[in-house]
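Chains as they are written, first to last, in our numbering: chain A, 1 to 138; chain B, 1 to 138; chain C, 1 to 138; chain D, 1 to 138; chain E, 1 to 138; chain F, 1 to 138.
Be aware that a few hints might be false.
Claimed, not checked - In the DMTMM-like style, the derived pairs of lysine to aspartate or glutamate whose C-alpha atoms are separated by at most 20 Å in a straight line are: (1) C:K131 x B:E35; (2) A:K91 x A:D45; (3) F:K138 x C:D41; (4) F:K52 x B:E106; (5) A:K44 x D:E136; (6) B:K44 x C:D41; (7) A:K52 x D:E106.
Please keep in mind that the hints were generated in silico from the structure rather than gathered at the bench.
For clarity, every value in this text was computed on a predicted model and none was experimentally measured.
Number of protein chains: 6
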Amino acid sequence: MITDVTSPRLASKQKTEKSRLEIGSNQLEKLQVIEAKALQDAYKDVSPNFAKHVIEYAFGDILSRPALDYQTREMITIAALTAMGATNQLKLHMQGALNLGIHSREIADIIILVGAYSGFPSMANATNALKEVLNERK
Amino acid sequence: MITDVTSPRLASKQKTEKSRLEIGSNQLEKLQVIEAKALQDAYKDVSPNFAKHVIEYAFGDILSRPALDYQTREMITIAALTAMGATNQLKLHMQGALNLGIHSREIADIIILVGAYSGFPSMANATNALKEVLNERK
Amino acid sequence: MITDVTSPRLASKQKTEKSRLEIGSNQLEKLQVIEAKALQDAYKDVSPNFAKHVIEYAFGDILSRPALDYQTREMITIAALTAMGATNQLKLHMQGALNLGIHSREIADIIILVGAYSGFPSMANATNALKEVLNERK
Amino acid sequence: MITDVTSPRLASKQKTEKSRLEIGSNQLEKLQVIEAKALQDAYKDVSPNFAKHVIEYAFGDILSRPALDYQTREMITIAALTAMGATNQLKLHMQGALNLGIHSREIADIIILVGAYSGFPSMANATNALKEVLNERK
Amino acid sequence: MITDVTSPRLASKQKTEKSRLEIGSNQLEKLQVIEAKALQDAYKDVSPNFAKHVIEYAFGDILSRPALDYQTREMITIAALTAMGATNQLKLHMQGALNLGIHSREIADIIILVGAYSGFPSMANATNALKEVLNERK
Amino acid sequence: MITDVTSPRLASKQKTEKSRLEIGSNQLEKLQVIEAKALQDAYKDVSPNFAKHVIEYAFGDILSRPALDYQTREMITIAALTAMGATNQLKLHMQGALNLGIHSREIADIIILVGAYSGFPSMANATNALKEVLNERK
Numbered sequence: 001m002i003t004d005v006t007s008p009r010l011a012s013k014q015k016t017e018k019s020r021l022e023i024g025s026n027q028l029e030k031l032q033v034i035e036a037k038a039l040q041d042a043y044k045d046v047s048p049n050f051a052k053h054v055i056e057y058a059f060g061d062i063l064s065r066p067a068l069d070y071q072t073r074e075m076i077t078i079a080a081l082t083a084m085g086a087t088n089q090l091k092l093h094m095q096g097a098l099n100l101g102i103h104s105r106e107i108a109d110i111i112i113l114v115g116a117y118s119g120f121p122s123m124a125n126a127t128n129a130l131k132e133v134l135n136e137r138k
Numbered sequence: 001m002i003t004d005v006t007s008p009r010l011a012s013k014q015k016t017e018k019s020r021l022e023i024g025s026n027q028l029e030k031l032q033v034i035e036a037k038a039l040q041d042a043y044k045d046v047s048p049n050f051a052k053h054v055i056e057y058a059f060g061d062i063l064s065r066p067a068l069d070y071q072t073r074e075m076i077t078i079a080a081l082t083a084m085g086a087t088n089q090l091k092l093h094m095q096g097a098l099n100l101g102i103h104s105r106e107i108a109d110i111i112i113l114v115g116a117y118s119g120f121p122s123m124a125n126a127t128n129a130l131k132e133v134l135n136e137r138k
Numbered sequence: 001m002i003t004d005v006t007s008p009r010l011a012s013k014q015k016t017e018k019s020r021l022e023i024g025s026n027q028l029e030k031l032q033v034i035e036a037k038a039l040q041d042a043y044k045d046v047s048p049n050f051a052k053h054v055i056e057y058a059f060g061d062i063l064s065r066p067a068l069d070y071q072t073r074e075m076i077t078i079a080a081l082t083a084m085g086a087t088n089q090l091k092l093h094m095q096g097a098l099n100l101g102i103h104s105r106e107i108a109d110i111i112i113l114v115g116a117y118s119g120f121p122s123m124a125n126a127t128n129a130l131k132e133v134l135n136e137r138k
Numbered sequence: 001m002i003t004d005v006t007s008p009r010l011a012s013k014q015k016t017e018k019s020r021l022e023i024g025s026n027q028l029e030k031l032q033v034i035e036a037k038a039l040q041d042a043y044k045d046v047s048p049n050f051a052k053h054v055i056e057y058a059f060g061d062i063l064s065r066p067a068l069d070y071q072t073r074e075m076i077t078i079a080a081l082t083a084m085g086a087t088n089q090l091k092l093h094m095q096g097a098l099n100l101g102i103h104s105r106e107i108a109d110i111i112i113l114v115g116a117y118s119g120f121p122s123m124a125n126a127t128n129a130l131k132e133v134l135n136e137r138k
Numbered sequence: 001m002i003t004d005v006t007s008p009r010l011a012s013k014q015k016t017e018k019s020r021l022e023i024g025s026n027q028l029e030k031l032q033v034i035e036a037k038a039l040q041d042a043y044k045d046v047s048p049n050f051a052k053h054v055i056e057y058a059f060g061d062i063l064s065r066p067a068l069d070y071q072t073r074e075m076i077t078i079a080a081l082t083a084m085g086a087t088n089q090l091k092l093h094m095q096g097a098l099n100l101g102i103h104s105r106e107i108a109d110i111i112i113l114v115g116a117y118s119g120f121p122s123m124a125n126a127t128n129a130l131k132e133v134l135n136e137r138k
Numbered sequence: 001m002i003t004d005v006t007s008p009r010l011a012s013k014q015k016t017e018k019s020r021l022e023i024g025s026n027q028l029e030k031l032q033v034i035e036a037k038a039l040q041d042a043y044k045d046v047s048p049n050f051a052k053h054v055i056e057y058a059f060g061d062i063l064s065r066p067a068l069d070y071q072t073r074e075m076i077t078i079a080a081l082t083a084m085g086a087t088n089q090l091k092l093h094m095q096g097a098l099n100l101g102i103h104s105r106e107i108a109d110i111i112i113l114v115g116a117y118s119g120f121p122s123m124a125n126a127t128n129a130l131k132e133v134l135n136e137r138k
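Here chain A stands alone, though its shape is the one from the complex (with noise of 0.2 Å):
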């Protein structure tokens, strides 16, 4: 490829172009539970675009963003994903948050915060799927 890249616009539209997959495969495997391309692998028969959004804008545009330090991306994510039974969700960003460090027990706190506005159902599946990873990891 040859271009004669004179603008400096230019040059990070080239780098914004080609890092969505990028910078949203880097923050998925931040969380060390799965390689992007063994997503993109899993389901590109099925739905080939499915990891493709997944990627780029869950992860690239969305979870990457620096606004928010990566500690409280997580536990936010952790409180949402509790507060609406994603159980499969839940337990991928468990296994994440516990690998980058934050506490079970914070974890736990979390759960039961959550629980006061989304129920004591939403708070139980959601500490059941905390025992469950943590049964995993032992």
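Starting from the known structure of chain A, fit chains B, C, D, E and F onto it as the hints suggest.
Below, chains B, C, D, E and F alone, put in the same frame as chain A:
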């Protein structure tokens, strides 16, 4: 009342017993949005126990727990309420968070993060709630 | 219409066929909040079949079933709608329940019980709905 | 049964009366996933009226309505169930849609579209459901 | 512990203070599904306060309230959990309701009624839960 | 800006990079309800990135995908938002669908179909939303 209190355990029981309502009232009033007594008066004819449970459990037992620092508690609250679409309570806690010095930009960022999990409608509704709250504060 | 009806089965079929709308209309009107014909008129241009399904199925097939006594049916309805946060329909059924002699205190207690499952925001919203309904009735 | 049927209205009533269960059964069996009688047998001890309402109302009154063409009905069903996270029913209708010739790629695209509204967890869960259904069909 | 208790108010405070956990434990064990101590042991490492809040608030403060008779409380619980799709907790309370003498047919009828509000998928999932519970009890 | 673009790949990257906001803006404006710039202006103080993500992802990446024809996309959107009870966004898309020539009767039929899955309250709320939108258009 005459009691010979020789047990520290009884001393703490007395403190705890009297304090669930007090602790909860103090915590509620930190939001600087509504006074505990006003809440109780508003509902005493309709549902005598409603305000009691809200203050004793939600604000007393749960929201006042020191396990997470107060900023984190408020941000997690906003995250859960955004995911749940609980607009009334969301606006209340947005007011409280702003009164406690959390920047509106942080709240906006929490909403965008949660929106990846609970969808664009919830993200839009919560952003609108923030806009209304900021307008009310002008 | 001339028919030689010699079969009890046909007789019951005629009764059933004619009655789904009638049974549903009678059940709806027991709430004493809205008349079946008014409901049908309100929606006949927008969605001709909407009122028909609401009256025939929801009120006819389901709400009029004698399996549970009528008080229990109303209390279960209020419980489900509280848990779901379906405020519009909740107020309708609160009006109906009060018209049928269920005490507002019982409704308040149902809401507090359900709130342990669906969380404090739903408990607050439903209690507010009850307060509004009681004010409208003064 | 001897009836002197001189009224076309009665003729159509007889047809309608007998047909809610028949119409519903035919519609259910178009999915080619389960037979109406099997559904009824599975639940007749636990909940005698359950299968009746599912077949008569959901499949009879609603899913068989010709207002929308059959492909559209299936796609809307998949959209709603994806948004609701109703995985069991979603897999049933995915099987039915595929049996009726809707391409799996179209289903994947519906899920991605709905995911913008109901969030990435619902999009992931529905895509996983599609993957499982496709594996079952190999 | 030596105390000269001359105040009935203190006497009742002592009773109340000690009893939230006791009252809750008694209420939980009426379901005859799990013992309070077993619940606490199961979660004491993962989330030390989880079981305490469940027992003290959900079962102690809320579920043991005599305002509604015990049968009604169980039926309302089943209604709310059906509407919410909270299958784990629903099965627990179904077991408890059956242990307390509520007939499975009543539970089936509650589910069908709630299904008109929360939709056929929730009705199907709850009916399936009932079927599984009844099978476990054979 | 001077660039020697000799690579078709770079040419398409430039097009893509510049276009997510453009593509999204065009798609949003097809609804003929609000202009992209107006949306951005409305939220730039409250949440600077909100409108960007809505336009780039929801309308750019997702709603403009040609995989499903445009009518189908709108009908699926209405189905999902009805099931979710997202009334604000539902009214927006109802306006858009009507502007694009979809008949109100089709929208009414989608709502009735979805109501079998998400329940009668959601069916009623969506039908009311349609009624309000049609009134606004007179």
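Exercise. Just pull the numbers of the violated hints for me, sorted ascending.
Key: 2, 6
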